[in-house]
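Asker: Whole structure, please, built from the sequences with the hints as guidance.
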Amino acid sequence: MQVTSLHAIRQVAPCHAARVLQLAGITKSFGARAALSGVALEVAAGELVVLAGRNGAGKTTLLRIATGFLDPDAGSVTLDGISLLGSPRDRARAQRALGYMPETAPAPPELSVRAHLVLRAHLKRVREVRAAVDRVMAAAAIASEADRRIGALSKGYRQRVGLADALLGDPRLLVLDEPLSGLDPIQMRELCDQLDRIAKTDGRAVLVSSHVLDDLLRRATRTIALHEGKLADISVVTEVAT
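According to my numbering, the sequence shown is numbered sequentially starting from 107.
These are calculated hints, taken from the structure and not from any lab test. Since we're looking at a predicted model, the values are computed, not measured. Incorrect hints may appear among the rest.
[Said to hold, decoys possible] Once the Cα atoms are required to be at most 20 Å apart in a straight line, the calculated EDC-like pairs of lysine to aspartate or glutamate come out as:
| hint | residue 1 | residue 2 |
| --- | --- | --- |
| 1 | 306 | 296 |
| 2 | 261 | 296 |
| 3 | 230 | 276 |
| 4 | 306 | 321 |
| 5 | 336 | 179 |
| 6 | 261 | 321 |
| 7 | 336 | 148 |
Answerer: This is the structure we're talking about:
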């Protein structure tokens, strides 16, 4: 598939919306290899921002820095008005505004969906656990599978479990790393619809990295491209997997 034009995608963050995530001058190297070079990114409340790029472009490294699980060599990261690079206490405070779904979201296959989310809610110190779990299952469209073992679910439903987990605690920022990987076209479309609703109806800031772009581009507020660790014009990212 070729991505040749993004004329319908707005490239400027809405100035009236609260900026939830701000990254500036992010640089990161692993040995002699520069993974990121001076990257800047902002995500405001109500936005669905897509971080595009081929495998190895630096997307996962940038998301790990944006969520506080990896420190940059240089640059600043602010989440919900708090520096992620400050004291451990500040980092913990900032991360309470965050819901993160890594590319491979851990979920014990022997547990039911509900049991797993109840456990995760307790670990996150969520109040009113039962009501919170019911809400996130409904938001992720997985309530019908609440009593099934996670190991018996399709890949699409396992991704929804990861999304429900990320939504626990009512985060202002939702960060998802390659959530469409391995899904069939119908599952991709359904998950993109859910992300669109979470951003634009619920008013959350949503940042999604993906090299599978077609359905995401139709719903994105903005699309930011990475190429070899640097911001690039989206036309550089011409081949996307389906």
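Asker: Hint by hint, note whether the structure agrees.
Answerer: Structure-based check of all given hints:
1. Straight-line distance between C-alpha atoms of residue 306 and residue 296 comes to about 15 Å, which keeps the hinted pair within the 20 Å bound.
2. Between the alpha carbons of residue 261 and residue 296 the distance comes to roughly 13 Å, so the proposed pair stays at or under 20 Å and holds.
3. Restraint check: the Cα-Cα separation between residue 230 and residue 276 comes to about 11 Å, which is no more than 20 Å; the hinted pair holds.
4. Taking the CA atoms of residue 306 and residue 321, the gap is about 16 Å. The hint holds against a cut of 20 Å.
5. For the proposed pair residue 336 and residue 179, the alpha carbon gap of about 15 Å is at most 20 Å, so the pair holds.
6. Only pairs whose Cα atoms come within 20 Å are accepted, and residue 261 paired with residue 321 is accepted, the gap being roughly 18 Å.
7. Note on residue 336 and residue 148: the hinted pairing holds, with a Cα-Cα distance of about 15 Å set against a maximum of 20 Å.
Violated hints for the displayed structure: none, as all numbered hints are satisfied.
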